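Trainee: Residue-level listing of the chains:
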Amino acid sequence: MNKNKTAVPSPNLSRRRFLARSTVAAVGAGALGSALLSPAAWAASAIGDHASTTLLRMARDVFPHDSLEDKYYAQVMSPLAEQAAKDSDLQTLLKDGVAALDEQAKKRFGKVYLEVATEADRVTILKALQDSPFFQKIKGDLMMGIYNNQELWPRFGYGGSAWEKGGYVNRGFDENDWIEGV
Amino acid sequence: MTTTFDLNDDSLVVIIGSGAGGGTLANELAQKGIKSVVLEAGKRFKMDDIENDEWKMFGKISWLDKRYVEGPARLAKDFPNLPAWIVKGVGGATVHWAGVAMRFQEHEFKMKTLNGVIPGANVLDWPVTLKEMEPYYVKAELKMGVCGTEATGMPYHRKSSHYQVVAEGAKRIGANCEQAKLAINTEVRDGRPACQVAGFCMQGCKIGAKWSTMYTEIPKAEATGNVEVRPQSMVLRIEHDKTGKVTGVLYADKDGNQQLQKARLVAVAGNSIESPRMLLNSASSLFPDGLANGSGQVGQNYMTHTTGGVYAEFEKPVHMYKSTVVPGIVKEWQNNDPSRGHVAGYELEILHLGLPFMSAFMKPGKGGWGRELADSLANYDNMAGFWICGEDMAVESNNITLHPTEKDQYGLPVPVVYKTDHINDTRMRNHAYDRSKELFDSIGALKVNNLPPYPASHNMGTNRMSEHARDGVVNRWGQSHEISNLFVSDGSQFTSSGTENPTLTIVALAIRQADYIAEQMKKQLI
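So the sequences go chain by chain: P and A.
For the first sequence, position 163 matches number 163 in the numbering used here, and the numbering has no gaps at all.
Heads up: take any position in the second sequence, counting from 1, add 1000, and you land on the numbering used here.
Hints in this document: simulated from the structure, not taken from any laboratory.
One or more of the hints may lead you astray.
List time: in silico DSBU-like cross-link candidates among lysine-lysine, alpha-carbon distance up to 35 Å [what the hints assert, rightly or not]:
id, chain 1, residue 1, chain 2, residue 2
1, P, 165, A, 1447
2, A, 1171, A, 1159
3, A, 1522, A, 1035
4, A, 1060, P, 95
Covered stretches of chain P (chain A as the covering partner; in silico rule of three or more C-beta atoms under 8 Å from a C-beta of chain A) [said to hold, decoys possible]:
id, segment
5, 147 to 159
6, 170 to 179
To give an idea of the chain A side of the interface with chain P (calculated C-beta under 7 Å), a few residues [to be verified]:
id, residue
7, 1055
8, 1164
9, 1168
10, 1381
The structure displayed is predicted, hence computed values, not measured ones.
C-beta: ideal position from N, C-alpha, C; glycine also.
Between the sequences and the hints, there should be enough to build the whole structure, so can you do that?
Mentor: Now the structure itself:
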């Protein structure tokens, strides 16, 4: 995140891109992923430990932002799993979806999704399932939960609602330190 | 101020729709003392309902009734139920628009004369010229309060960072970029405040600095006592007598009860999907193919604009959200120059999307996920970009038809929108993508992203104007060729789409049409 200048120093763009394309990224993602291996009670009770950790791993693979803490992904998956406890259709969608992920993973790499070490390999699995209602449900919820999350907007450098502050007319709408005035 | 007219009052004008066309027509007629009822399918929103929140406002004000998009273009796959991104509410799409108020260029009124027959297209000259339109453009600019025009004398907005970045890129490749003429106050004017640059023009202007019939034309019309607006009134059919004259409008009111409002004259202004749909739904033994459809052209020649988006990422912040939505326009390719490989022109309208919409439109459809997209979104604050807005060829098979079996919540057949690119659109879009990359590369873009088209807010054609009855639906006044007391008052009467945003032209045509209607009524001709 460009605006994430306080908590986690953000690598510059070219470094981030380099990381994304190298095996180092896989190690980094794996390290972050390990934090996901302790499922929250809610998810475990609704869909089981394995499914809940798989979903969180998947969430980070769908919209990977290495500098975003796990909690932001969990914040999206959590209500979904809670709802699944009451909604059997949703529960089936999630359980069957995870089972399909594992099946694809076993077919391609001989192990379950969570154990597939590199992001590139996991992405191959996700691509095979991307048209499924399961994948699209997770993707849609994540898109709203990450990019429509006001708490995260400052991390992306997005201001959101401004009329209550008088808009931007006196708050830097014309400030730019790298383009000559045209 | 809350005038109520009798359902049996057959001296009234009934206007269907309250946006740029219907709202303006109602007020223009009201100022002349002509009484009308405005039937609006959507609710009446208050200023308090307007929030600076992209998805909330999308859910609140959009026309989301069931529709299908068909055709081989990617849009039909990415947005199968949302061909158009417009508003269901008093004010119509003028709640949602960005305020861009540009006149059509002279050549855009005579594309057929200019380019001859274009294979695969159904291009036609307008029966109106720019010269005839000019006085009405002046009136429209005055009414709407368009900055940067002689008509108002109101200065342009100051240049936002987003404008500066794109304008510098344009300068470096020798392209012309200008500040946008916007119907957004830069000074207190007409009882409305100056713009705060909150950046949410498309979600409804929270302070009313932007012109919208929701809080300009409609309340002004109502204040005369000559207009009654009936929100949540969905038109089911337009009735006619045995001589073929329209006599009234059957609609479902807010409680779902059917009402028949009698009329001396009916003006249809429900946008390019609903307007032809109403005419088609009003088929009768006298008009078996739908009202005003002797030519078979009702619903045909649906045009949007040739669109796409280009957003470049830079090393340093642009903070494009701190700007009017459209601060400027690259006009270099707005002319008709077939040597580019396509006829008609396009403009690059500097336009920002908030992070939520950017995440949805950058790579729309099922494949819109993954690290590349996430990396670009992580760079949101360093993005600058624009919307490609080019002339879309009229193609007869791009059309609005009625679903053979499926009905909506009003019991009306669901509209099916078929829209695909003419080869000219594809060539134009590719030309725009290429020039855009050059523009952004010239100022050091790290990455340039091409966005595919997303649902149109600019909807035109489907009831087009034509000199001859065989080629279109209405004459030069928006009056049905076949039914003298039936008018079309929205963008569906456009003969060609031009490259400019349609609103100013819709308003200018409505002002001109009001003069004609008043004169014709006075002469007892309608």
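Trainee: Are any of the numbered hints broken by this structure? If so, which, sorted upward?
Mentor: none
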